[in-house]
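Asks: Respectively, the protein sequence lines represent chains Y and V. Counting from 433, one number per residue, gives the positions in the first sequence under the working numbering. Counting from 31, one number per residue, gives the positions in the second sequence under the working numbering.
Calculated from the structure, these hints are not laboratory results. Hints are not guaranteed to be accurate.
Residues on chain V that point at chain Y, a partial pick, calculated with CB under 10 angstroms [unchecked claim]: (1) LEU114; (2) ILE130; (3) MET145; (4) LYS226; (5) GLY230.
Ideal Cβ placement from N, Cα and C applies to all residues, glycine included.
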Amino acid sequence: MTIWEQVGPYLASAWVVLGALAAVFGIVLAVANRFFSVTVDPRQEQIEEALPKANCGACGYGGCAAYAEAIVQGKADANLCMPGGAETAVKIGKIMGLAVAAAAPKVAVVKCQGSCQNTFNRFHYIGQRDCRAAAATQYGQTACPYGCLGFGTCVQACPFDAMVMDPQTGLPRVLEDKCMACGTCAEVCPKNIIEILPRDRYVHVLCRNRDVGKIVRQVCKVGCIACHKCEKVCPVEGGAVHVADNLATVDMKTCISCGKCAQECPVACIGNFRSLRREAKKRTGAAAEAA
Amino acid sequence: MRITTVEVGYVELAIGSILISNFVLMKFLGLCPYLGVTKKTSDSVGMGLAVIFVMTLASAVTAALYRHVLLPSSPDHTNVLALLGIPVPAEGLVLVLKTISYILVIAGLVQFIEMVLRKTVPALYRALGIYLPLITTNCAVLGVALLNTTDWKGSASGLPVHLAAFNGFCAGVGFLLAMILMSGIRERLAEARVPKALRGIPIAFICAGLMALAFMGFTKLFGITV
Numbered sequence: 433m434t435i436w437e438q439v440g441p442y443l444a445s446a447w448v449v450l451g452a453l454a455a456v457f458g459i460v461l462a463v464a465n466r467f468f469s470v471t472v473d474p475r476q477e478q479i480e481e482a483l484p485k486a487n488c489g490a491c492g493y494g495g496c497a498a499y500a501e502a503i504v505q506g507k508a509d510a511n512l513c514m515p516g517g518a519e520t521a522v523k524i525g526k527i528m529g530l531a532v533a534a535a536a537p538k539v540a541v542v543k544c545q546g547s548c549q550n551t552f553n554r555f556h557y558i559g560q561r562d563c564r565a566a567a568a569t570q571y572g573q574t575a576c577p578y579g580c581l582g583f584g585t586c587v588q589a590c591p592f593d594a595m596v597m598d599p600q601t602g603l604p605r606v607l608e609d610k611c612m613a614c615g616t617c618a619e620v621c622p623k624n625i626i627e628i629l630p631r632d633r634y635v636h637v638l639c640r641n642r643d644v645g646k647i648v649r650q651v652c653k654v655g656c657i658a659c660h661k662c663e664k665v666c667p668v669e670g671g672a673v674h675v676a677d678n679l680a681t682v683d684m685k686t687c688i689s690c691g692k693c694a695q696e697c698p699v700a701c702i703g704n705f706r707s708l709r710r711e712a713k714k715r716t717g718a719a720a721e722a723a
Numbered sequence: 031m032r033i034t035t036v037e038v039g040y041v042e043l044a045i046g047s048i049l050i051s052n053f054v055l056m057k058f059l060g061l062c063p064y065l066g067v068t069k070k071t072s073d074s075v076g077m078g079l080a081v082i083f084v085m086t087l088a089s090a091v092t093a094a095l096y097r098h099v100l101l102p103s104s105p106d107h108t109n110v111l112a113l114l115g116i117p118v119p120a121e122g123l124v125l126v127l128k129t130i131s132y133i134l135v136i137a138g139l140v141q142f143i144e145m146v147l148r149k150t151v152p153a154l155y156r157a158l159g160i161y162l163p164l165i166t167t168n169c170a171v172l173g174v175a176l177l178n179t180t181d182w183k184g185s186a187s188g189l190p191v192h193l194a195a196f197n198g199f200c201a202g203v204g205f206l207l208a209m210i211l212m213s214g215i216r217e218r219l220a221e222a223r224v225p226k227a228l229r230g231i232p233i234a235f236i237c238a239g240l241m242a243l244a245f246m247g248f249t250k251l252f253g254i255t256v
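Start from the sequences and build out the full structure, keeping to the hints where you can.
Replies: Written out as structure tokens, the structure reads:
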């Protein structure tokens, strides 16, 4: 049999079937394309390109694509991207034709100094090694019910690898150079120990315990005992540090970061980040100069 | 070729396709999305629903295609082409056109769903990502279409259109069930202490194997053999 004799009987029918199928689906898809088309603003893609694409959620949207969409629809400000910073805000401003001012830089601060040396555990916790799971078990195994549980949920959650667990203290440490203030660690911490605060405020009370001083002394060496000494030495008019509910808090708006309260505190629960950040600035300044 | 009536009820089809011959766990079809999308239960549910929709429609269309276009005419039914006067070979177009026309139908349907999803549920569209076009080449969808029509209990004419559509629906439900079970396990596995060498895909494969073993317990459930 020649090839034509073999194939012949099928030619007409096969062509018709496939042709008809293709035509039908072609029409269906063309019509669907008309009714279900999605018009994408070209600026949206440009903005997505300009964003760092870390999908950290600091802007408050579920990812860089969602934030770009919100900007183009006019629902979001252009300077909400924390990792992008001023650079990205300016780029977005150019694309959208707006004048943009960058938001003040922020950083994560861990407000607990309850290290292995300073406090102890009430019970031995055997369970999921996750702070949220531990917190659900009678407020966690630490003696201080407000304190850090040390399982590193915040470290794992950080999308920029800007947190490390200090093996000596058992507390998380923020690598301030890398921290983009996206707020993921603050959200994830079940004790709300981490706060996102302005970088230019150097003095913070590193404790969240609201029990009376006598009880705090029993559970932690460096817990705030509400002695009011910090209040007394504050040079600011009206006071920039206040004790309320047995806990001292520094007011970010009025504090001038002089560090007097940190020096006066008898339990050393107020931290002064001035030297740390000045050194960091020197390092980046030197690097920028060398570059 | 005479149409042989297939004596099977809806309950038999349902239990057969969902439990006894689960497409993922017993037939081992559609393993790519099974392992790729099951990291989050919400993604798995979305994918499973999309697959149910594709499988039902594909089964219906391919069964109709098979009965009325590919099979040669017989006293019980007529071939559409013969009606239109186009010469059809004596043994029909089955051997020649079956696979390619089924693929064409499935590809068209998946494209249609992709467009609809992109407009109506963009979050799901983004979550499924690459796995949506992968339904096109997914052996499970082609598998259910082929098994309905040509392999059904040795019957050469396969299931009628309504039963084929129902079987496709049940196969999709079985797929959804397997996905939900797997994603439930994997979400908990993420926090468990798995040995370093087995973390990620290896432990997922081991779980899949154990689940398949478990599903073998459904063989001959209620005396149904499928």
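Asks: If a hint holds in the structure, say so; if it doesn't, say that too.
Replies: Structure-based check of each hint:
1. LEU114: This hint holds: LEU114 of chain V lies near chain Y, its Cβ roughly 8 angstroms from the closest one there, short of 10 angstroms.
2. ILE130: OK, holds: ILE130 of chain V within 10 angstroms of chain Y, min 7 angstroms.
3. MET145: holds (4 angstroms)
4. LYS226: violated (15 angstroms)
5. GLY230: Where the cut-off is 10 angstroms and the nearest Cβ of chain Y is about 15 angstroms from GLY230 of chain V, the hint is violated.
Hint check: violations occur at hints 4 and 5; the rest are consistent with the structure.
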